[in-house]
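Q: Residues per chain, in single letters:
Number of protein chains: 2
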Amino acid sequence: MPGSWKDVFHSFNKKATPSRYAIVKVFEEKAKHLSAEEVYECLKVRKQKIGIATVYRNLDLLLRMGILRKVNFGDGKEHYEMVHRPTQYHHHLICTNCGQVIDYGEVVQEEKSFLKRLKEELERKYHFRIESHHIYFYGLCHHCQKE
Amino acid sequence: MPGSWKDVFHSFNKKATPSRYAIVKVFEEKAKHLSAEEVYECLKVRKQKIGIATVYRNLDLLLRMGILRKVNFGDGKEHYEMVHRPTQYHHHLICTNCGQVIDYGEVVQEEKSFLKRLKEELERKYHFRIESHHIYFYGLCHHCQKE
DNA sequence: TTGAATGCAAATAATTTGCACGGAT
DNA sequence: ATCCGTGCAAATTATTTGCATTCAA
Numbered sequence: 001m002p003g004s005w006k007d008v009f010h011s012f013n014k015k016a017t018p019s020r021y022a023i024v025k026v027f028e029e030k031a032k033h034l035s036a037e038e039v040y041e042c043l044k045v046r047k048q049k050i051g052i053a054t055v056y057r058n059l060d061l062l063l064r065m066g067i068l069r070k071v072n073f074g075d076g077k078e079h080y081e082m083v084h085r086p087t088q089y090h091h092h093l094i095c096t097n098c099g100q101v102i103d104y105g106e107v108v109q110e111e112k113s114f115l116k117r118l119k120e121e122l123e124r125k126y127h128f129r130i131e132s133h134h135i136y137f138y139g140l141c142h143h144c145q146k147e
Numbered sequence: 001m002p003g004s005w006k007d008v009f010h011s012f013n014k015k016a017t018p019s020r021y022a023i024v025k026v027f028e029e030k031a032k033h034l035s036a037e038e039v040y041e042c043l044k045v046r047k048q049k050i051g052i053a054t055v056y057r058n059l060d061l062l063l064r065m066g067i068l069r070k071v072n073f074g075d076g077k078e079h080y081e082m083v084h085r086p087t088q089y090h091h092h093l094i095c096t097n098c099g100q101v102i103d104y105g106e107v108v109q110e111e112k113s114f115l116k117r118l119k120e121e122l123e124r125k126y127h128f129r130i131e132s133h134h135i136y137f138y139g140l141c142h143h144c145q146k147e
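Chains A and B, in that order, are what the protein sequence lines are.
First residue of the first sequence: 1, per my numbering; consecutive thereafter.
First residue of the second sequence: 1, per my numbering; consecutive thereafter.
Just so you know, the hints here were simulated from the structure itself, not pulled from any lab data.
Incorrect hints may appear among the rest.
The list treats identical chains as one, so a pair stands whether inside a single copy or across any two.
[Claimed, not checked] Pairs of lysine to aspartate or glutamate, EDC-like flavour, derived with a Cα cap of 16 angstroms:
no. : residue 1 : residue 2
1   : LYS6      : GLU38
2   : LYS70     : ASP103
3   : LYS116    : GLU106
4   : LYS119    : ASP103
5   : LYS15     : GLU120
6   : LYS25     : GLU38
7   : LYS47     : ASP7
Given these sequences and hints, build the entire structure.
A: So this is what it looks like as structure tokens:
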């Protein structure tokens, strides 16, 4: 396992195991949101010996470590994706008909400044310390509009 | 049942049943997001004879009718809430420690115009027809910050 | 009257847990 | 050597489905 991930796990007083490394590698390589089952299937294809329970336990660990975040598309299962640096954040566009999900980056200039202001306003008003946010847009994808 | 709801169901070619009316009444009165189980428990307290399957079936119906929307707080169950007119929309602030959810309305002036622009940009770029959006903010509530 | 809606129980799907064993430190 | 992490199977939780019965139109 590359030293960097090893160090990350150790910095959280967690052991750097093959299972854990295999999971983060899947997310690094696929670079998209995956359900627990999808991670599990992907690892099976790669001949990585792992149980589904270990996948769930480590997804939860990676969540608590701040390496993954949960996203939910309303399809009955949780999905997970890597947390990117603030400059690389993205949100989701979900087709309510076919379930397709599109990741989009920053498309409008003032997005960051607007969200910063909204965040600060919410923190003051509700005495929260806000750590992240997520925007979901729902509608019909190109294909489903024609039906 | 008040004529208005009766008409709404009929306009969708659906029967106006006591179960359906009881469910919308719960959402009207509680005015907040509820899980299927919470709706069911609430109706039991009110002596409304109903099965949990009927609750799920009608939540789904009300979703398709555009009366309810699904919201997800990452706690393993779906929650539902009434869709309000665009001028009354609100989003959610979720405490990642205790799970508390705060509904917030429009707190920053340019919120609507910003989101309108973002929506239009996304529609053009991805050929979507966007119908709604939802913003979630995550962090620590006042109480959990002190721990 | 008649098909849509319901209640109940059983089925399914997603996720979690208990426990004995194996492996990272 | 020591526990943390793991696999497996069983348990739990959320949601869906099949079917006989009920009831709104």
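Q: Each hint: holds or not?
A: Now the hints, each set against the structure:
1. LYS6 with GLU38: neither (24 angstroms within a copy, 44 angstroms between copies)
2. LYS70 with ASP103: within (14 angstroms within a copy, 20 angstroms between copies)
3. LYS116 with GLU106: both (14 angstroms within a copy, 15 angstroms between copies)
4. LYS119 with ASP103: between (22 angstroms within a copy, 14 angstroms between copies)
5. LYS15 with GLU120: neither (37 angstroms within a copy, 47 angstroms between copies)
6. LYS25 with GLU38: within (13 angstroms within a copy, 39 angstroms between copies)
7. LYS47 with ASP7: neither (25 angstroms within a copy, 58 angstroms between copies)
Figure legend: structure checked against the earlier numbered hints; hints not met, in rising order: 1, 5 and 7.
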